[in-house]
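Listed in order, the protein sequences are those of chains A, B, C and D.
Be aware that the first sequence starts at 127, since it is given in our numbering, and climbs by one per residue.
Be aware that the second sequence starts at 127, since it is given in our numbering, and climbs by one per residue.
Be aware that the third sequence starts at 127, since it is given in our numbering, and climbs by one per residue.
Be aware that the fourth sequence starts at 127, since it is given in our numbering, and climbs by one per residue.
Treat the hints with care, since some could be wrong.
[Stated by the list, open to error] Cross-link-like lysine-lysine pairs, in silico, BS3-like; alpha carbons within 27 Å at most: (1) B/K233 - A/K428; (2) A/K243 - A/K203; (3) B/K243 - C/K243.
[Unchecked claim] In silico contact screen, one side only, chain A against chain C (beta carbon under 7 Å); selected entries: (4) G307; (5) A329; (6) F364; (7) D365; (8) A369; (9) A445.
I should point out that these hints are in silico values taken from the structure, not numbers from a laboratory.
Glycine residues also receive a C-beta, built at the ideal position from the N, C-alpha and C atoms.
Next come the chains, spelled out residue by residue.
There are 4 protein chains.
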Amino acid sequence: VKAKAAVLARFGEPLEVREYPAPEKPEPGAALVRVEMAGICGTDVHLWQGQLPIPLPVILGHETAGRIEALGAGLEKDWLGRPLSPGDRVGWASSIVCGTCYYCRLKRQPTRCVARKAYGISYRADEPPHLHGGYAEYIVLRPGTAIFRLPDGLATEAVVGAGCALWTVIHGIERTGLSWGDVVVVQGSGPVGLAAVAVAREAGAARIIVTGGPEHRLERARRFGADVTIDVDAVPHFDRKRAVLNATPGGYGADVVIECVGHPAAVPEGMEYCRDGGKMLVLGQYGDAGPTPMHPHVITRKQIQLHGSWGFEPRHVLAALEFLERCGQRYPFGETITHRFGIDQANEALAATREWRAGKSVIVP
Amino acid sequence: VKAKAAVLARFGEPLEVREYPAPEKPEPGAALVRVEMAGICGTDVHLWQGQLPIPLPVILGHETAGRIEALGAGLEKDWLGRPLSPGDRVGWASSIVCGTCYYCRLKRQPTRCVARKAYGISYRADEPPHLHGGYAEYIVLRPGTAIFRLPDGLATEAVVGAGCALWTVIHGIERTGLSWGDVVVVQGSGPVGLAAVAVAREAGAARIIVTGGPEHRLERARRFGADVTIDVDAVPHFDRKRAVLNATPGGYGADVVIECVGHPAAVPEGMEYCRDGGKMLVLGQYGDAGPTPMHPHVITRKQIQLHGSWGFEPRHVLAALEFLERCGQRYPFGETITHRFGIDQANEALAATREWRAGKSVIVP
Amino acid sequence: VKAKAAVLARFGEPLEVREYPAPEKPEPGAALVRVEMAGICGTDVHLWQGQLPIPLPVILGHETAGRIEALGAGLEKDWLGRPLSPGDRVGWASSIVCGTCYYCRLKRQPTRCVARKAYGISYRADEPPHLHGGYAEYIVLRPGTAIFRLPDGLATEAVVGAGCALWTVIHGIERTGLSWGDVVVVQGSGPVGLAAVAVAREAGAARIIVTGGPEHRLERARRFGADVTIDVDAVPHFDRKRAVLNATPGGYGADVVIECVGHPAAVPEGMEYCRDGGKMLVLGQYGDAGPTPMHPHVITRKQIQLHGSWGFEPRHVLAALEFLERCGQRYPFGETITHRFGIDQANEALAATREWRAGKSVIVP
Amino acid sequence: VKAKAAVLARFGEPLEVREYPAPEKPEPGAALVRVEMAGICGTDVHLWQGQLPIPLPVILGHETAGRIEALGAGLEKDWLGRPLSPGDRVGWASSIVCGTCYYCRLKRQPTRCVARKAYGISYRADEPPHLHGGYAEYIVLRPGTAIFRLPDGLATEAVVGAGCALWTVIHGIERTGLSWGDVVVVQGSGPVGLAAVAVAREAGAARIIVTGGPEHRLERARRFGADVTIDVDAVPHFDRKRAVLNATPGGYGADVVIECVGHPAAVPEGMEYCRDGGKMLVLGQYGDAGPTPMHPHVITRKQIQLHGSWGFEPRHVLAALEFLERCGQRYPFGETITHRFGIDQANEALAATREWRAGKSVIVP
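The following block holds chain A by itself, in its conformation from the complex (with noise of 0.2 Å):
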């Protein structure tokens, strides 16, 4: 078979489709999945742009869905020891890590794992098995990967809709920790802070305010359980600071701000939404856009303390699945999903998820 591909040759040029064969009978241990759908992240965006290290040529995609078409020898389980089987529809934890190494051993911390490896930025998409990222109509997956079988009630479009934003938010909450009665400053409106509002409303946050825009996107954090948006654009920054800071209990800040934007400047803008001794998640810096200003003074004074998380485990895609079969009710995720693509439009998607046209954006193979 040959399966469809939109491969990034160059950093900071369009997308190509390219073509690849797809193994009728995958190696040891590996999967071959028809791709049913491959969420645009932000990260692609940075990606395409150039701001991470990764080798190309490159096919890109890192969240997606799809259905097993074969399974190499010995993969009959997926990461929960539920049996796997052609037809079953899948998700898998996007990266692999070693096992190994000092990280992955020592400091139990995978994500950081020296030789971690991720579909849709690590693999090159000319060397065999070509097929490793999700915007494309097949995907190998190798062995090793977390895969979870998707549970009937569970759609599609919800998994794709959060996205690795959801599994980046929780293993971000299990690090910096968020207790019940919490008030909460969530910066950014996207798909991460969407998951951000999503998670700390479930959580039992007293209050949660949401910096971001434009108005579409901070409408659907509200319908997630914001109880205050502040629109960035119609409110200029010094103003913006006192918003916030009215808007929370005694005019003292947030017990724990989430910053979910990703310019570097709104890092140091969310110390100033912290009361002292407040914590701040730095969960949306992933693509190195350098330095910013900082005011160190205020880590001492106000005692804060920032946390960074990065990427996720596969116990944290876990959490996320059963997160949205048990809550998706009330976060209606496969919603935030308002636009829709072929392979070949790839590079519409990319440009509709860097302009924040859409809510999420989508390649439907």
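Dock chains B, C and D against chain A, hints included.
Frame of chain A; chains B, C and D shown alone:
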């Protein structure tokens, strides 16, 4: 009685020696203490330079020990409930909090009390009872001060030599957490850095690497337990990073970095010394020395934590006194006092501290 | 004014109605409050049975709301700093601590204050000002009591219906930690168990299983958010264990077990409901009902944690009031009040509570 | 080659010396190791007495060091990635986990792996490759064993003298948390208690009180850093409680109690040694010695925490080896080996351990 005091009347200008009346009978709950020794803290230099907003004129000096001269009605016990009498040698927590505000009550974080005041910092010398700083012959302790009777075996030199640096370090390490077996980098080899070395060593750090200078301070750091010291003047920035990382097992960086420098640029530099997933205690940024370029992407990607910590509570002063009593032989803080000055020489004392000429300078009235 | 009160004069014998003078002008810092409603707590039954060492005679009643009748000099604000006036409806933390002992100061654990006293428990009714319990027409609040002005939208029924059970649960869950997505077993369906269900639900528990009875209480637990309820009278011990484990994902047991029963045997039973590595909050053992056979090997082998928690601090009372205001519609604690009694009927009120006849019984003077 | 081994064939009966063939070429990933020294652990006595459900016959011995005789194909590196060759002296984690079950994957708690197996405990000696215990001339290490090359400066005596006790203590203290400055009570002065003293001392405990015996063990505990030792045979229960509490500052009890005894009654006794709000690590209850009367009310009222801990992970073995290398001079575990036996004397070795005659007994094949 008249009491001499060194007074900061204008930022950046020499302290002036003035005389104030010492009350024969302190008000109820207060105490009159004859100063035996007052430490010069690096923060005093920041205050003198006007880097923190304080009222003037002020008698500097917030790390002080002395003997009780007179007790106000009702003040009969120290903070631990031990009887107090004239003639007792005492130390005290230099700050007083309201006990009723949002931070004191709801967040149990009295170091950020909205009405916090500190001897040697917050009280005007031109308002009675005038004597609220340590650079003076007498000091008046207000009702509510956490006073500690000093045990006979504990020298005044040790208490003032350790100074507020040790209290601050104990608080900071409590907030950040440091586990036995951790690899620790301490940035800075002044009084705060030295106290950090002592506590990290006592808490079972596997390895302590100190960056600082000049050599006489690094030598003392090694005597206090540093395994490796790196002279920041001898090793330029880029080589320094390599030197620090090479001194950590596997070259991955430290589990915990403790910043005790005070220059904003030390914070992004310290982030480079952290292993992925490590913690950094931003402890030295007391004066507001402005912003510095920082790289939020590093926080996200390395998923590190930055923790601020401000001041201390009475229980940290107690922990410091107990530590000095228990482990003072291993960490001879008294010997760090290399320069002694009279009240009339207070400006020379400040200069010695500013120029890092001294180990620790003190005023002996 | 004369005030009627129901007085426990001898353990195990009927309360007696007595009259005491209500002070027209409370002492400085104190307040005279006309009782609107006083809850009957399960602990009152333990106290009546003599299971805790308290002085007699005592006016029972430690979960009370009322209206300020008169304020002593200097008492002008509530615990949050809001102005207080006669006529204001108020609640208050039922315990008062010394603020200076080892537990208050050094260990920041005021619930174990060595001099802790509580309304309705620790104050003799035969010593002025007599009126220190809730089963009375008036109560005198001592200086230092943490008083909270009740918001207009918050019904007295909700406050007393939630009672000290909610405060206690909030403190206990703070100590033990409960993360969103946890599987929770609540042992007991009385007021404490019900409050545990409410907080666990609000904190994002993935699944809540309640063991208790009788059915009318289980029905209420389900209305408050329990996913599964198991009637302890209908299911014998061995089958109960199987039933509880089967109700947890994979049959491994709960991440967190919250014991709200009070019978010693509930604790070893709860240990069986914990997954390996899980936590158990031992919250219900207020009365000293003696020892029970326990299996320490289970603690080691399953590497579980048992956490005790005693009482609450004012900030937990505040959190409860905020929770009721914010989420009271989802958790209608006011409706749990099924029986109302006059002061003259206090013995019937106690009996209704002892026999679990009631949801919650209250006294309306 | 034939290898002699001491085999437990029937609970409670003498071990028998049998011979098994040692494979010349181990299977891929496995290793053949010539045993240099095998420690007798207290758990071996429990196993011999049939207190844990294990298959028979079994070669006992789970704390062992030896030299690599032959390596199976593909086994080229130790757990840290350092090259392995025949002749290398090695230690290893005695347990192997599946890496895929609920506890390994989802709860990151491999010590409770549902398929966990351990050398000297779980492998039948009558099934090839037979040699899976330390009381033997050779041992076969299965693929997946966490092997550690021993540094030249680290004596085999130190490694086996510290034994699994040190690994277990490091894991337990990690789970419970121990802060520098804590007051610690260690119950028990056998190998586990001694290791607890060493780690608590190294972690900066302010004061360590050991209850145990006989005197030769208490003497060693003092040499390892105990400040106070109390002979449980010389001091009856009630006086013992007073003696322990009197040895803690203020008589309030310990911040952390570490139970290293193994008799169920030690757990309720240890709860009496905890200060209110303190923690107790229930570490010694490996054998199932049945229930003991416990007082759940004490857990609630004192709001203490009990923490269990089972076994260890490879990273704790590594931490132990690093600790021995770093601090072995202060804690001469090698010297605790007081009795050496040949394989033919394995029963005498077990008896010496059972009767607490020895510091530590070992088998030297």
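Now for the hints, and whether the structure bears them out:
The straight-line distance between the Cα atoms of B/K233 and A/K428 is roughly 13 Å, inside the 27 Å bound, and the hint therefore holds. Distance check on the hinted pair: A/K243 and A/K203 sit about 22 Å apart at the alpha-carbon level, within 27 Å; holds. Distance hint between B/K243 and C/K243 is unfulfilled; the C-alpha atoms sit about 31 Å from each other, more than 27 Å. With its C-beta approaching chain C no nearer than about 6 Å, A/G307 sits inside the 7 Å limit, and its interface hint holds.
Restraint check, A/A329 versus chain C: the minimum CB separation of about 4 Å is within 7 Å; hint holds. Below 7 Å, beta-carbon pairs count as interface contacts, and A/F364 has none with chain C, the closest being about 28 Å; its hint is therefore violated. Hint status for A/D365 relative to chain C: violated, with the closest Cβ pair at about 27 Å, above 7 Å. Restraint check, A/A369 versus chain C: the minimum CB separation of about 21 Å is more than 7 Å; hint violated.
Interface hint at A/A445: satisfied, since its Cβ lies 6 Å from the closest Cβ of chain C, which is below the 7 Å cut-off.
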